[in-house]
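Model the full structure from these sequences, guided by the hints.
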Amino acid sequence: MALTNSSSGHSRLRWLVVAIPYLWLILLFLAPFLIVVKISLSATAIAMPPYQPALDFSAGLGVLWQQLKELSFDNYVFLTEDALYWESYLSSLKIALISTFLILIIGYPIAYGMARARKEWRTTLLMLVILPFWTSFLIRVYAWIGILKPEGLLNQLLLSVGVISEPLNIMPSTLAVYIGIVYSYLPFMILPLYATLEKLDETLLEAAADLGCPPIQAFWKITFPLSLPGVIAGCFLVFIPAVGEFVIPDLLGGSDTLMIGKTLWAEFFSNRDWPVSSAVAVVLLAILVIPIMLFQNAQKKASE
Amino acid sequence: MIKYVFSGVALTAMLTVGPISGAKAADKELHIFNWSDYIDTSIIDDFTKETGIKVVYDVYDSMEILETKMLAGGSGYDIVVPTDRNLKRLIDVGVFQELDKSKIPNLSHMWDEITTRLATYDPGNKMAVNYMWGTTGIGYNVEKIKAAMPDAPVDSMDMFFKPEVVSKFKDCGVYMLDSPDDVIPAALNYLGLPADSKDPAEIAKAGELIEKVRPYIRKFHSSEYIQALANGDICLAFGYSGDVIQARTRATEANNKVEVGYAIPKEGGLLWMDSMAIPKDAPNPEAALAFINYIQQPEVIAKATNYVAYANGNKDSQAFVDKAIMEDPTIYPPADVMKKLYTTTPNDPKVQRVVTRLWTKIKSGT
Chain A
3 MALTNSSSGH SRLRWLVVAI PYLWLILLFL APFLIVVKIS LSATAIAMPP
53 YQPALDFSAG LGVLWQQLKE LSFDNYVFLT EDALYWESYL SSLKIALIST
103 FLILIIGYPI AYGMARARKE WRTTLLMLVI LPFWTSFLIR VYAWIGILKP
153 EGLLNQLLLS VGVISEPLNI MPSTLAVYIG IVYSYLPFMI LPLYATLEKL
203 DETLLEAAAD LGCPPIQAFW KITFPLSLPG VIAGCFLVFI PAVGEFVIPD
253 LLGGSDTLMI GKTLWAEFFS NRDWPVSSAV AVVLLAILVI PIMLFQNAQK
303 KASE
Chain B
8 MIKYVFSGVA LTAMLTVGPI SGAKAADKEL HIFNWSDYID TSIIDDFTKE
58 TGIKVVYDVY DSMEILETKM LAGGSGYDIV VPTDRNLKRL IDVGVFQELD
108 KSKIPNLSHM WDEITTRLAT YDPGNKMAVN YMWGTTGIGY NVEKIKAAMP
158 DAPVDSMDMF FKPEVVSKFK DCGVYMLDSP DDVIPAALNY LGLPADSKDP
208 AEIAKAGELI EKVRPYIRKF HSSEYIQALA NGDICLAFGY SGDVIQARTR
258 ATEANNKVEV GYAIPKEGGL LWMDSMAIPK DAPNPEAALA FINYIQQPEV
308 IAKATNYVAY ANGNKDSQAF VDKAIMEDPT IYPPADVMKK LYTTTPNDPK
358 VQRVVTRLWT KIKSGT
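Those sequence lines, one after another, are chains A and B.
The working numbering puts the first residue of the first sequence at 3, with every later residue one more than the last.
The working numbering puts the first residue of the second sequence at 8, with every later residue one more than the last.
Hints were generated in silico from the structure; no laboratory data involved.
Think of the CB as a built atom: it goes at the ideal place given N, C-alpha and C, for glycine as much as any other residue.
Hints are not guaranteed to be accurate.
Said to hold, decoys possible - Partner residues are not named here, just some residues of chain A that face chain B (Cβ under 7 angstroms, in silico):
hint : residue
1    : Ala45
2    : Ile48
3    : Lys151
4    : Pro152
5    : Asp203
6    : Asp258
Stated by the list, open to error - Going by beta-carbon spacing under 8 angstroms, a handful of chain B positions derived as facing chain A:
hint : residue
7    : Met156
8    : Asp158
9    : Lys177
10   : Gly180
11   : Lys226
12   : Phe227
13   : Thr367
14   : Lys370
15   : Ser371
See the structure below:
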């Protein structure tokens, strides 16, 4: 009797623990997303808010069914008619992809060094990686303006050392956007990498050395494959927010830096076209989520 | 610098809920949403001292932020300060309430010249009272322009629209407002076309003109040029009169030997007006009317002008405005220049889409 009681209490607790993240996702992700989808199917109007709702949930099921049949996907069709949109998507994906690659190249040695450092040093090193988060992201991006601008710190330094005779025009440009993204997202790569590398069983490397495997080969055969989960987690953590980045291209980028975040901004604020900007957002989400789902499925199959 | 940080924060805070005022606090609280760096804060303190009404003062640095907040509704603000064509658009949507003019006796001090122009956007002057007005024109670094081109036509839009001229300033840095509403009318006017044209063919011609000089423009941005001019980072900017004058003041304060000049283009420029209006859903419209009346006392609005170096729409205040400002032809232009200043009206959504798309094409080449 007592046994069943405690196990049902246990399962209820478990249910609660599982339910909380789901509730969180439904409330703060799914519900807002559905609102955005609903707006994306509406038509713009000179009104407050500036669109004519396509679906009216208060009008009763009959009307709702009628409205569902009349749903128009014009806003999505519109996105395919103008090269601007897919070029913005592609340009964002490209910038995010290159940035992720750069961050991986820079972040891996840092994480590796941290994981191989003496134990008493590791906490300090970890603190140093996390330390920048104590300052607002926005302020750190503004600091880069101060460094990169034509009369900024970097140019002053290079000029005084005599490396260059004319100030470099690094900012505003797409190069500055890369610098900004790499700087801002580096910790998100280092942390998961460090977590996997630190757990790595060093005896494997000792065994490899004993069997005559040179260190570089041992790295590629043992360390890197074992750190793959960290690499993948880090890449996702960096790539996904970088695609939709708005602040960095807006502040550091030139007027010709094309990114979907800026295109969406113009659609929403300059055109005041909430339906089309919602459609842009829905497509962006699809572009990101569908490949990730496919990837996870493939991984699951591979592990089976 | 601080200003930029705050305006960026305002942008991020955009999608969060506006101020929520409880029923009790509402009687003694007034929520104002105005452009950044746009008031002498002692005016607000004096208002609170005189009336006991606490003022919550928030700022934005782009018209779009205000407009989106208004369109979403329930902003919780009692006074907002839209600029002409945005004002018109918001009036058309029905965002604002009619002013109870019996509560604003100080309207008797207003300046006809400005009130008449404001009626373009607010027919019958029912919803809005002008706060400040100014022009869009040419901001420049006196020394750097002289070095790059000794006989530069600093008072002409040739500075931006003539490739032979603007190319000389490419290396020292040219900024342009990231605002098609300001730049396209200027290009139309330069071409001798009506500045307020809604004809897509004419707008396209203006676009071609800007595209020709696009390679010489470092960046399109609507506020960065203030600091950039003041620091001497750039030598030329197409911007708002008050912002350029602010850059001049900042440079003088920093004592960095940068001399900033401003000129109203001899071809004519846009006269814009920022005007106070009360949203329909304002929690405390009575306090809003009291504030508008308070600030339109000639001495008070003159104090505001003396601080921000923009002209105001209150005729009787001119007796109290600093002589240096009153006699500055770039702030209070003489009558013949006034005549050349044009105003523009909002685009309908279709034309707006053409304009925004053209603007993206100009900026990004796509």
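Broken hints, by number: Violated hints (numbers, rising): 1, 5, 7, 8 and 9; every other hint is consistent with the structure.
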